[in-house]
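In order, the protein sequences belong to chains X and F. The opening residue of the first sequence carries number 0 in numbering that gives the first Met the number 0; numbering runs sequentially from there. The opening residue of the second sequence carries number 0 in numbering that gives the first Met the number 0; numbering runs sequentially from there.
Read the hints as simulated data drawn from the structure, not as lab findings. There may be inaccurate statements among the hints.
To be verified - Far from chain F, by Cβ distances over 10 Å, these chain X residues were calculated:
id	residue
1	K4
2	N31
3	L57
4	G62
5	R67
6	A103
7	L125
Claimed, not checked - Residues of chain F clear of chain X, computed beta-carbon distances all greater than 10 Å:
id	residue
8	G56
9	I61
10	I80
11	L120
Claimed, not checked - Here's a subset of chain F near chain X, in silico, CB distances under 7 Å, partners left out:
id	residue
12	T49
13	L57
14	G59
15	E60
16	G62
Backbone N, C-alpha and C define an ideal beta-carbon position, used for all residues, glycine too.
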Amino acid sequence: MVRFKSRYLLCEIVFEKPQYRQHIDVGSVNRNVRNAISQMHGDFGIGCCSLRLEVTYLNAYTGIVLIRCQKDFYRILSTTLLFITFLETKNQKFPCFFNTLHVAGTIRSCQKFLIQYNRRQLVLLLRDCKTKKERESVQTSLLQCSLKVWNEDQPYHGYEEMEGADTD
Amino acid sequence: MSRPGVEWRGSAAERRVHRNPSHYQYLKVGLECEPRGPGLRLSDAAFKQTIVAALRGLHGEIGAALPVDVLKFEERSLTAILRVRGSDLVKLWSALTLVASCKDKKCAFRIIQVSPFLLALAGNSREFILD
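Just chain X, same shape as in the assembly (with noise of 0.2 Å):
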């Protein structure tokens, strides 16, 4: 049965100011994305990363990024990641970097790299909160991160069925 492999990159879009995060979305990295490989790679790079390149998952909040592209062709997509220096959206440039978390073949994999990787970093959040009243917040966010908890949440059902339905 043949199967078409993807790679999905998790990133996390690291800007000069937090609150520039606010202002991109899933089509502004998508084009950035797109315009660095071009310039970067050229026509062979485009050419060979246009067709299954697509932002699957972006979180505002926190600047994490899921970014799918076709196996063969990932490396392309991860060295250009790297000369990325600025996000391009409505005539506005926010400088910023990309961080690559992690590397997977499923979205699912990288859902539960993601939910260890919060984890690890709220504990880091806490270590640095300044005020009680953010120790307090963040700790209850801790102690609420149950797996209980997380089953009821909607949200990430979306993407299982997502990963499954990849058909093109």
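Add chain F to chain X, keeping to what the hints say.
Showing chain F alone in chain X's frame:
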């Protein structure tokens, strides 16, 4: 006693055979222009600029940064000997194939000879004339 490709480890000899052991590949290329009259006048720097621009078009900034050397350039016949790393040969060759114009004149790159050894480009039985 030491043959190329044979390494001696203690008393046992080890022979390694690589599929493509060459570090560099040498290309003999010519630039052909369509109007056969006065033709194109290029300096060696302009010739290299054409090659780098071709690489940039097809393979982007990373392609343009490939170390390509013009070892010899003949201005009259517009032929040159290029040197490129073995792994980059495919990129260079494909970029040269897709060049359509140079300084607003229609032209094409003709790859006359490719070899991992520079000495092989020195003589050619088609062009060699014995008096």
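The hints, checked one at a time:
no.: 1; hint: K4; result: holds, 24 Å
no.: 2; hint: N31; result: holds, 15 Å
no.: 3; hint: L57; result: holds, 25 Å
no.: 4; hint: G62; result: holds, 26 Å
no.: 5; hint: R67; result: holds, 21 Å
no.: 6; hint: A103; result: holds, 25 Å
no.: 7; hint: L125; result: holds, 42 Å
no.: 8; hint: G56; result: violated, 6 Å
no.: 9; hint: I61; result: violated, 6 Å
no.: 10; hint: I80; result: holds, 25 Å
no.: 11; hint: L120; result: holds, 27 Å
no.: 12; hint: T49; result: violated, 16 Å
no.: 13; hint: L57; result: holds, 5 Å
no.: 14; hint: G59; result: holds, 3 Å
no.: 15; hint: E60; result: holds, 5 Å
no.: 16; hint: G62; result: holds, 6 Å
The earlier numbered hints that this structure contradicts are 8, 9, 12.
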